[in-house]
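Peer 1: Sequence:
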Amino acid sequence: MTRKISRTLMATVAACLLAFSSLGHARAIDESPSALAMTTDAVLLRPVLLATTIVGSAVYLVSLPFSALGGNAGEAGEVLVVGPAKATFVRCLGCSRSGRKAETVEQSED
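Take the sequence shown: its letters are residues -26 to -1, 1 to 84, numbered as in mature numbering (1 follows the signal peptide of the UniProt record, and there is no 0).
Don't read these hints as lab results, they were simulated from the structure. These numbers come from a predicted model, not from an experiment. Every residue, glycine too, gets a C-beta built ideally from N, C-alpha and C. The reader is advised that the hints may include incorrect statements.
Derived CB-CB ranges, DEER-like [what the hints assert, rightly or not]:
1. R71 to K(-23): 39 to 45 Å
2. G48 to L19: 23 to 29 Å
3. R(-24) to T14: 48 to 54 Å
4. G48 to T14: 44 to 50 Å
5. C66 to L35: 17 to 23 Å
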């Protein structure tokens, strides 16, 4: 009985991993956001991300003694503080990825 449940669980996990692994590759990233995307980002998403950064900082400070003892204080800071801060302050307005938008350089022929 336990062996059958184990096989079923393993098959389900494998099917989920195979099904959801392609989602990241199938979604195209829009780096030319529309006015609606920029407005939604500025009015709704940035304040929520700022609150996430503040709450993440508080959680990081509370969990710092424990994560320092566990040896993963840097990783905890990266996930709880730096990640939300980059999404709040470094991501271009309306873009879906964190980081600066790549500047295109055009050369003029003289």
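Peer 1: The structure should be examined with respect to each hint, and the outcome stated for every one.
Peer 2: Hints and how they fare:
The hinted range of 39 to 45 Å is satisfied by R71 and K(-23), whose Cβ atoms lie roughly 43 Å apart. In this structure the hint that G48 and L19 lie 23 to 29 Å apart at CB holds, the actual value being about 27 Å. The hint said 48 to 54 Å for the Cβ distance between R(-24) and T14, and at roughly 50 Å that hint holds. The hinted window of 44 to 50 Å between G48 and T14 is violated, with their beta carbons roughly 33 Å apart.
The supplied range of 17 to 23 Å is broken by C66 and L35, whose beta-carbon atoms lie about 29 Å from each other.
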